[in-house]
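Model the full assembly from the supplied sequences, consistent with the hints where possible.
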Amino acid sequence: MVQEVRIRLCKFSPIIEYGLGKLLGSVPGFQVIADRGVTRPGHVDIVCAASADAGTVVRLSSRARVLVMTDSSDAEEAQRYFLAGALGCVSASAPLRTVVEAVQRVARGQRFLAPDFGVPTPVGPVGNEELSPRETEVLSHIANGRTHDQIARTMGISRHTVDTYVKRVRKKLSLGNKAELTRAAISTQLALSRAR
Numbered sequence: 000m001v002q003e004v005r006i007r008l009c010k011f012s013p014i015i016e017y018g019l020g021k022l023l024g025s026v027p028g029f030q031v032i033a034d035r036g037v038t039r040p041g042h043v044d045i046v047c048a049a050s051a052d053a054g055t056v057v058r059l060s061s062r063a064r065v066l067v068m069t070d071s072s073d074a075e076e077a078q079r080y081f082l083a084g085a086l087g088c089v090s091a092s093a094p095l096r097t098v099v100e101a102v103q104r105v106a107r108g109q110r111f112l113a114p115d116f117g118v119p120t121p122v123g124p125v126g127n128e129e130l131s132p133r134e135t136e137v138l139s140h141i142a143n144g145r146t147h148d149q150i151a152r153t154m155g156i157s158r159h160t161v162d163t164y165v166k167r168v169r170k171k172l173s174l175g176n177k178a179e180l181t182r183a184a185i186s187t188q189l190a191l192s193r194a195r
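Counting in numbering that gives the first Met the number 0, the sequence shown runs from 0 upward without gaps.
Treat the hints as calculated values from the structure; they're not laboratory data. Glycine residues also receive a C-beta, built at the ideal position from the N, C-alpha and C atoms. Worth double-checking, as some hints may not be accurate.
Said to hold, decoys possible - Here are the simulated distance ranges between beta carbons:
no., residue 1, residue 2, range
1, MET154, GLY108, 13 to 21 Å
2, GLU179, VAL99, 33 to 41 Å
3, ARG96, SER12, 35 to 43 Å
4, LEU22, ARG152, 28 to 36 Å
5, GLY28, SER131, 36 to 44 Å
6, GLN2, ASP70, 26 to 34 Å
7, ASN176, THR153, 17 to 25 Å
8, THR163, VAL99, 40 to 48 Å
Below, the structure is given as C-alpha cells:
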C-alpha cells in the first residue's frame with residue numbers, strides 16, 4: 000500500500016489555499032492537512048508555502064520538506080529558497096501536473112525546480128580545469144546540506160581528504176567563501192539534474 004503524502008499549505012491567501020487544497024486533495028496519494036499555524040516534526044511530509052522570506056523557509060524546513068510556490072519564475076530567487084532549505088520551487092502559474100510532480104519529488108527528498116524557471120546560470124570551471132568525479136561528488140553532498148564530517152563518513156574518506164577536495168573545487172571554480180561554494184553546489188546540481 001502506498002503511504003499518503005501529507006501536505007500543509009502555508010502563507011497562501013484563503014481563496015488560493017482553498018483551490019490548491021481541493022486540487023491537491025483530489026490527487027490519489029495526497030492528503031492536505033489543515034493549516035493550524037504549527038508544523039510539528041513528523042506531522043506533515045511537505046509544507047507547500049507561498050512566496051516566503053528566507054527565515055520562514057529555514058524555520059519550516061527544520062520540521063518538514065518545503066516546496067515554495069512563487070509569483071515569479073526567477074532562477075536566482077529559487078536559489079535563495081534552496082539555500083534557505085527548500086527542496087522545491089514552482090511558480091504559481093505552473094500547470095497542475097507540474098505542481099503534482101513537484102510535490103511527489105519533494106516528498107521523496109529530491110530537489111525540484113519547475114521548467115519555467117530555466118536553469119540557473121551554472122558556475123563552471125575556470126579555463127579548462129574540470130572537476131574530478133570525487134570533487135563533483137563532494138559538491139553534490141554540499142548541495143544536499145551535508146557537513147564535511149558527514150561527507151567523509153558517507154564517502155568513506157577522512158575529513159582532511161574532504162577539506163582537500165573542497166579547496167580544489169574552490170580554486171577551480173574561483174569561489175571565495177562557504178556561501179559561494181553552496182550556491183555553486185546547488186547550481187551545479189540543478190544543471191546536472193536538468194541534463195539527465
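Quick rundown of the hints versus the structure:
The hinted range of 13 to 21 Å is satisfied by MET154 and GLY108, whose Cβ atoms lie roughly 19 Å apart. For the pair GLU179 and VAL99, the beta carbons lie near 34 Å from each other, so the given range of 33 to 41 Å is met. The hinted range of 35 to 43 Å is not satisfied by ARG96 and SER12, whose Cβ atoms lie roughly 23 Å apart. At about 41 Å, the beta-carbon gap between LEU22 and ARG152 misses the expected band of 28 to 36 Å.
Checked against the hint of 36 to 44 Å, the pair GLY28 and SER131 passes, with Cβ atoms roughly 40 Å apart. Between GLN2 and ASP70 the beta carbons are some 32 Å apart, a value that agrees with the proposed interval 26 to 34 Å. Between ASN176 and THR153 the Cβ separation comes to about 23 Å, which falls inside the hinted range of 17 to 25 Å. Separation of THR163 from VAL99 is about 42 Å and conforms to the stated range, judged on CB atoms against 40 to 48 Å.
Going down the numbered hints, you'll see the structure goes against 3 and 4, while the others check out.
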